[in-house]
Amino acid sequence: MNFPDLSVDLGRGLILPNPVGLASGTAGYGFELRQLIDLDRLGALFTKGTTLHPREGNPPPRVAEVRGGMLNAIGLHNPGVDHVASTYAPEFSRWSIPVVVNVAGGSVEDYLECLDRLERAEGFAGYELNISCPNIANGLDFGRDPAAAGRLVAAARARTGRHLMVKLSPNVTDIAAVARAVEEAGADSVSAVNTYVGMKIHRGIRAPVLPGRGTGGLSGPVIKPLALAAVAQVRAAVRIPVVGVGGIMDADDALEYLIAGADAIQVGTATFVNPAAALEVLDGLLTAGERAGVSRLEELHHPTPSSSGDGLALSR
Amino acid sequence: MNFPDLSVDLGRGLILPNPVGLASGTAGYGFELRQLIDLDRLGALFTKGTTLHPREGNPPPRVAEVRGGMLNAIGLHNPGVDHVASTYAPEFSRWSIPVVVNVAGGSVEDYLECLDRLERAEGFAGYELNISCPNIANGLDFGRDPAAAGRLVAAARARTGRHLMVKLSPNVTDIAAVARAVEEAGADSVSAVNTYVGMKIHRGIRAPVLPGRGTGGLSGPVIKPLALAAVAQVRAAVRIPVVGVGGIMDADDALEYLIAGADAIQVGTATFVNPAAALEVLDGLLTAGERAGVSRLEELHHPTPSSSGDGLALSR
Amino acid sequence: MIRPLSDLGRARDETGEVVAVEALEGGMVEITARLPRLATTARPGEFAQLRAWAGVDPLLRRPFSVAWTAGELCSFVLEAVGAGTRLLVALRPGDPLQALGPLGNGFHLDPVPARAVIVSGGLGCAPFPLLVRELRQGGCADVTVLSGAATASRLYPAERFRRGDDAVRVVEATDDGSQGRRGLVTELVAGACEETAAVYACGPNPMLAALAEALRHLAPPPERAEVSLEAPMGCGFGTCLGCALPAAGGEWFLCCRRGPVMEVSQVDWPGLLALPPAHVA
Amino acid sequence: MIRPLSDLGRARDETGEVVAVEALEGGMVEITARLPRLATTARPGEFAQLRAWAGVDPLLRRPFSVAWTAGELCSFVLEAVGAGTRLLVALRPGDPLQALGPLGNGFHLDPVPARAVIVSGGLGCAPFPLLVRELRQGGCADVTVLSGAATASRLYPAERFRRGDDAVRVVEATDDGSQGRRGLVTELVAGACEETAAVYACGPNPMLAALAEALRHLAPPPERAEVSLEAPMGCGFGTCLGCALPAAGGEWFLCCRRGPVMEVSQVDWPGLLALPPAHVA
Ligand SMILES: Cc1cc2nc3c(=O)[nH]c(=O)nc-3n(C[C@H](O)[C@H](O)[C@H](O)COP(=O)(O)OP(=O)(O)OC[C@H]3O[C@@H](n4cnc5c(N)ncnc54)[C@H](O)[C@@H]3O)c2cc1C
Ligand SMILES: Cc1cc2nc3c(=O)[nH]c(=O)nc-3n(C[C@H](O)[C@H](O)[C@H](O)COP(=O)(O)OP(=O)(O)OC[C@H]3O[C@@H](n4cnc5c(N)ncnc54)[C@H](O)[C@@H]3O)c2cc1C
Ligand SMILES: Cc1cc2nc3c(=O)[nH]c(=O)nc-3n(C[C@H](O)[C@H](O)[C@H](O)COP(=O)(O)O)c2cc1C
Ligand SMILES: Cc1cc2nc3c(=O)[nH]c(=O)nc-3n(C[C@H](O)[C@H](O)[C@H](O)COP(=O)(O)O)c2cc1C
Ligand code: FES
Ligand code: FES
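Chains as they are written, first to last, in the numbering used here: chain H, 1 to 316; chain A, 1 to 316; chain S, 1 to 281; chain Z, 1 to 281.
Hints in this document: simulated from the structure, not taken from any laboratory. Where hints are given, some of them may not hold.
[As the list claims (entries may be wrong)] Selected chain A positions facing chain H (Cβ under 10 Å, derived; list incomplete):
hint, residue
1, L71
2, A147
3, G198
4, R203
5, G214
6, P221
7, I223
8, K224
9, A229
10, E256
11, H301
[Claimed, not checked] Simulated restraints on C-beta separations:
hint, chain 1, residue 1, chain 2, residue 2, range
12, Z, S265, S, P96, 55 to 63 Å
13, Z, G249, A, A155, 40 to 48 Å
14, Z, A190, A, S7, 56 to 64 Å
15, S, G9, Z, E25, 52 to 60 Å
16, H, A155, Z, G9, 41 to 49 Å
17, H, R213, Z, R181, 40 to 48 Å
18, S, D165, A, R120, 58 to 66 Å
19, S, G183, A, R203, 46 to 54 Å
20, Z, V81, S, D165, 27 to 35 Å
21, S, P96, Z, E25, 27 to 35 Å
22, Z, A90, A, R291, 23 to 31 Å
23, A, S86, Z, V81, 26 to 34 Å
24, A, V108, H, A148, 29 to 37 Å
Every value quoted in this text rests on a predicted model; they were computed, and no experiment measured them. The beta carbon of each residue, even a glycine, is placed where N, CA and C say it ideally should be.
With the hints as constraints, model all of the structure from the sequences given.
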């Protein structure tokens with residue numbers, strides 16, 4: 001065990017060796033990154049959103065860069081749940097990184113059938129229900145409506161004894177209400193947030209860069225202030241663990257999520273820029289913990305005795 | 001009249017000499033900026049959010065910078081509607097820039113009483129109903145709920161023959177639904193968007209920088225991809241004019257809003273960085289129009305005949 | 001006596017050229033730039049909104065007191081505490097520097113007092129070289145600067161307060177006694193301020209609050225006692241309403257227009273000290 | 001024959017030092033950096049994800065073909081078309097350059113063809129100096145480069161394709177006739193490709209589509225016909241799924257792993273040409 005001990009117990013048997021996960025859709029199913037970095041040191045791998053049937057994804061272009069971020073409209077390109085259950089899960093069981101399968105669907109039945117098929121497999125540590133994918137038709141419906149989200153989660157809860165995390169959409173009026181609904185329905189934890197609906201305009205062609213409606217999911221550093229607010233709102237609304245995600249590039253960013261109330265974090269877009277980003281976040285947290293001489297992660301970020309200080313000082 | 005002619009008719013008598021306005025809350029009531037720039041060249045001045053009673057605003061700190069943007073929690077600090085009606089409006093009537101009074105309130109009665117008191121005054125060109133201020137208690141309620149927004153706007157519509165613009169909140173599940181509701185209730189135009197709920201964490205004090213709940217309204221370049229998507233969604237949902245606002249720093253940004261479907265734009269945070277930012281946007285649009293040899297603004301941004309081009313080319 | 005709002009009529013946005021960047025001891029840097037408008041219009045205690053970078057990170061300009069003017073030249077004293085100041089202290093001669101100013105209400109000099117005491121804490125020195133000169137040129141015979149810092153290297157050099165005027169007295173104090181008196185600079189106030197017509201101060205809020213307390217016990221109190229304050233600023237010219245600070249009597253005042261210089265009596269000192277720290281280093 | 005996924009096992013993230021930045025005519029720049037791992041492992045047609053800036057704007061790395069290797073040195077040929085390339089061409093010797101690679105599937109060289117024709121359009125030249133060398137070293141006796149551009153200054157210098165190997169033939173064409181044949185480079189294909197075992201091409205999509213069309217009319221067709229394609233890339237190593245391009249048969253393939261080099265027959269050419277232009281200059 002590392003010192004400081006950075007392990008995080010998210011409940012129902014999902015104990016992460018450390019709070020640094022790889023966000024869904026940014027690390028595939030781990031096979032590529034395993035060849036580039038020491039994946040097994042990380043806290044968790046959240047797989048690409050997996051659907052009942054294989055999906056080809058959206059037409060290109062699927063990604064576009066904006067200042068400090070990127071838009072994606074991948075459209076849940078994935079090999080389908082059977083392939084994951086039969087081919088990938090056995091591989092996962094040989095890895096020491098806990099794998100959480102991100103599941104997406106267009107209907108309650110889709111989700112439940114996915115779970116049923118995965119339930120027969122071994123090798124992964126839990127589910128992250130993606131109720132918030134903005135890139136498929138109706139994909140937002142569950143994430144938008146607390147009641148619908150609650151019904152979905154209650155049904156999923158009845159199908160599995162594994163850890164059930166719910167990935168929240170930030171594109172809602174009241175994310176806290178959705179968080180409360182899924183907690184009441186039996187979710188073990190929530191992750192916040194998925195991408196924000198954004199658009200890039202190409203002046204040359206006088207049209208959006210991304211095809212279709214022209215919108216995509218915004219991720220990267222640019223969303224950090226928004227996602228931090230969402231995490232704080234969710235933290236205040238529920239008692240279950242909260243996994244923070246959005247624009248984390250380094251250990252400082254991760255610390256800010258922990259301060260805002262996250263129990264663990266996920267590194268997403270940063271991995272594209274630097275495949276070792278999540279490892280560097282982990283190392284940064286370890287170093288910070290060692291320097292501060294703390295033994296547990298919480299001590300690194302719990303609020304200071306008084307968060308009001310010495311005023312707006314010329315503090316030199 | 002300038003050539004190209006950049007004037008924009010927003011309806012019900014509100015004709016802007018050009019599409020470049022100053023966003024509410026970033027230009028006060030014009031008195032400061034008049035001393036710094038040639039205000040009268042601009043398309044419109046949207047005043048600070050004005051409430052029935054004078055408001056002192058929130059405790060400091062009220063602003064905090066984040067990467068590519070800023071958070072504010074001003075709390076509608078303003079001198080109250082009577083002061084605006086009796087002291088400011090007579091001044092406005094001497095200016096050639098059209099002034100639109102931004103009105104905010106905590107209840108329908110607040111808004112209506114504001115309108116009634118302003119109706120007796122001359123010197124301004126219309127109202128922008130701020131149904132989306134995230135910094136006062138209940139301030140979000142109207143902006144959040146299409147039905148509530150519709151009721152408010154219908155009541156306001158009954159009180160005034162002046163132009164009635166409604167400023168939409170982006171912190172909602174479905175901004176198009178709110179836009180449709182206020183259009184149906186009689187709004188002459190909509191402006192989109194107000195600020196996004198965001199948070200900045202101070203690692204040193206292990207707490208949010210802004211006081212209270214720690215959240216503030218995010219503005220500046222960082223919100224442009226989000227606001228462009230919101231404007232496009234609103235544009236697709238309503239027939240009334242749409243005024244785009246969010247992170248516009250230069251004429252290129254303004255052009256992107258026009259392409260996304262805005263009829264006019266507002267420059268907000270950029271004015272803090274450069275008091276002449278809006279003028280530079282205007283000059284940039286004029287230059288672009290002259291270069292392109294167009295006579296009307298629309299020709300600068302209407303979609304090209306085919307917005308599908310020559311593929312993902314090594315286009316050299 | 002409520003101070004009027006600052007006069008924005010003199011403010012201009014000007015892009016000048018850096019002519020000198022001097023590193024002082026302890027991390028302070030004095031940047032001098034050719035900014036003819038600002039140099040000829042700025043008064044002591046006024047500030048400028050500076051920017052010396054392209055792009056949007058940092059986004060906002062940063063406020064700095066005008067420390068000195070000479071012909072077309074204007075100087076600022078600062079230290080790298082964050083992203084913006086890091087970029088500013090890295091400037092080289094020849095680099096462009098954008099300045100919007102003068103902004104804010106400066107120190108009150110009308111009438112010029114016969115005796116003046118200046119209380120400077122750390123980087124709170126910044127507005128005082130110019131104030132010293134204007135006091136002296138206005139006929140103030142007796143100018144004393146009480147200059148404090150944590151330790152010797154953090155003291156602004158006495159000569160830079162004087163800038164050649166040897167009649168100006170500089171008395172120093174350091175927390176650790178490494179130079180001048182050991183202790184807080186505010187402990188020197190009682191002794192120095194007797195029969196003083198005007199006290200001007202700038203420094204950390206706790207220092208200014210201690211000064212306010214010390215002045216309450218002075219009999220007779222100085223006719224004029226002014227402090228220069230700081231707030232996070234969105235604009236610097238009164239339109240963002242972001243720079244509110246607590247005023248005596250329970251309301252807020254805008255630091256960029258009612259201030260940054262305030263009468264000691266007009267500040268809500270407990271309120272100021274209780275603010276959550278937005279600018280903690 | 002479906003190409004296998006690229007081998008990520010050789011890819012490493014390496015920070016090297018720029019040793020030379022040469023400006024060619026017409027805006028092209030060749031950057032050479034000490035990147036020992038990449039230089040010794042990269043094969044023709046493979047690429048690296050480059051980054052030479054701090055901060056988050058630009059955010060993502062940018063993909064560039066490995067143009068040449070020599071000992072520990074690795075070269076890239078590019079042009080400033082946007083923010084990222086502007087920063088890259090502004091590099092100076094001594095600056096750090098971060099490279100993740102080699103990535104992607106390169107050109108097929110097994111077995112080395114007896115005769116090879118390379119079709120290069122504009123900056124599509126980038127992967128070919130290395131390919132020419134590997135072909136020749138592998139025993140390909142007859143390498144012809146058909147090099148096209150809009151105008152003379154936009155032609156990649158013939159000598160840079162050859163790099164000292166005078167047996168390599170370079171035939172040029174320009175749209176305006178200012179150098180070589182007047183016309184499109186693809187018009188040379190029919191004449192040059194007879195009895196050619198392998199054709200390798202890189203350039204704008206319309207050029208590659210025209211090539212595909214020209215090859216359809218060739219009898220017998222070359223045994224191997226490969227094109228290097230481009231897509232906007234999020235990662236370059238297969239996890240973002242952002243670089244999809246239309247494959248013959250109606251599905252997508254990932255440019256970064258199934259490509260960037262594809263068999264001509266595996267590309268959905270009408271689909272490719274119909275894509276909305278994400279990279280319009
Ligand atoms: C009227 C006025 C006059 C002034 N005059 C002067 C002057 O003459 N000289 C002078 O030196 N200063 C002066 N100041 C102060 C000066 O404006 C500030 O020091 C400057 O704006 C800081 O900008 P920055 O970008 O360097 O720091 P910022 O980035 O704004 O940060 C300030 C501090 O907070 C810390 N911080 C910020 N965010 C975080 C976070 N998320 N987690 C942890 N820590 C964080 C930074 O590390 C830094 O130490 C004046 C201020 C005012 C209002
Ligand atoms: C496998 C592969 C290999 C490659 N190899 C090479 C190589 O060897 N040499 C080479 O030169 N290139 C190569 N490329 C292409 C190269 O990667 C791109 O040119 C590069 O990524 C562009 O980055 P940028 O930041 O400079 O431009 P970007 O900022 O990404 O923009 C590209 C173009 O679009 C325009 N644009 C972007 N946004 C807008 C907007 N909102 N409105 C109007 N216009 C806009 C820009 O002005 C610019 O012209 C390769 C690509 C791939 C996929
Ligand atoms: C290319 C891409 C694909 C993504 N795919 C998924 C997905 O399949 N399921 C999901 O729940 N989230 C998906 N996400 C969202 C991320 O997991 C994460 O919530 C988001 O990107 C914010 O984090 P970041 O800013 O660190 O990237 C995707 C994000 C990106 C950039
Ligand atoms: C300091 C500040 C105060 C604001 N006050 C108001 C307000 O009173 N009423 C309102 O409708 N919008 C207000 N806004 C929102 C702006 O009008 C604008 O919608 C938003 O800032 C996005 O535009 P920008 O990114 O160009 O600043 C305020 C914004 C800022 C930054
Ligand atoms: S800084 Fe904007 S009002 Fe003072
Ligand atoms: S670029 Fe990310 S999968 Fe190809």
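Okay, the hints, checked on the actual structure:
The interface hint given for L71 (chain A) holds, since its Cβ lies 7 Å from the closest Cβ of chain H, which is under the 10 Å cut-off. A distance limit of 10 Å between C-beta atoms decides the matter here; for A147 (chain A) the minimum to chain H is near 13 Å, and the interface restraint is violated. Hint on G198 (chain A) holds. Least Cβ distance to chain H is approximately 4 Å, under the 10 Å limit. Look at R203 (chain A): its Cβ gets to within about 6 Å of chain H, closer than 10 Å, so that hint holds up.
Of the supplied interface hints, the one on G214 (chain A) holds, with its beta-carbon coming within about 6 Å of a beta-carbon of chain H, less than 10 Å. The closest approach between the C-beta of P221 (chain A) and any C-beta of chain H is roughly 6 Å, which is under the 10 Å cut-off, so the hint is satisfied. Look at I223 (chain A): its Cβ gets to within about 9 Å of chain H, closer than 10 Å, so that hint holds up. Annotation: interface hint on K224 (chain A) holds; nearest CB of chain H at approximately 7 Å, less than 10 Å.
The beta carbon of A229 (chain A) comes within 4 Å of a beta carbon in chain H, closer than 10 Å, and the hint placing it at the interface holds. The interface hint given for E256 (chain A) is met, as the beta carbon of that residue sits about 4 Å from the closest beta carbon of chain H, less than 10 Å. At about 6 Å, the closest approach between the beta carbon of H301 (chain A) and any beta carbon in chain H falls short of 10 Å, and the interface hint on this residue holds. As the Cβ distance of S265 (chain Z) to P96 (chain S) is approximately 56 Å, the hint placing it in 55 to 63 Å holds.
Evaluation of the 40 to 48 Å hint for G249 (chain Z) and A155 (chain A) yields a failure: the beta carbon distance comes to about 60 Å. Taking 56 to 64 Å as the suggested C-beta distance range, the pair A190 (chain Z) and S7 (chain A) conforms, at roughly 57 Å. As the Cβ distance of G9 (chain S) to E25 (chain Z) is approximately 55 Å, the hint placing it in 52 to 60 Å holds. One distance hint, 41 to 49 Å for the beta-carbon pair A155 (chain H) and G9 (chain Z), holds here, with the actual separation near 42 Å.
Hint check: R213 (chain H) to R181 (chain Z), Cβ distance near 45 Å, so the stated range 40 to 48 Å holds. Against the hinted window of 58 to 66 Å, the Cβ-Cβ separation of D165 (chain S) and R120 (chain A) comes to about 60 Å, which satisfies the hint. Checking the proposed 46 to 54 Å range against G183 (chain S) and R203 (chain A) shows it is violated: the Cβ atoms sit about 32 Å from each other. Look at V81 (chain Z) against D165 (chain S): about 58 Å separates their beta carbons, and that is not inside 27 to 35 Å.
P96 (chain S) and E25 (chain Z) have their C-beta atoms about 32 Å apart, which keeps the hinted 27 to 35 Å range intact. In this structure the hint that A90 (chain Z) and R291 (chain A) lie 23 to 31 Å apart at CB holds, the actual value being about 27 Å. Between S86 (chain A) and V81 (chain Z), the C-beta spacing of about 57 Å breaks the proposed range 26 to 34 Å. Between V108 (chain A) and A148 (chain H) the CB atoms are about 30 Å apart, so this pair conforms to the stated range of 29 to 37 Å.
This entry does not satisfy hints 2, 13, 19, 20, 23, going by the numbered hints stated previously.
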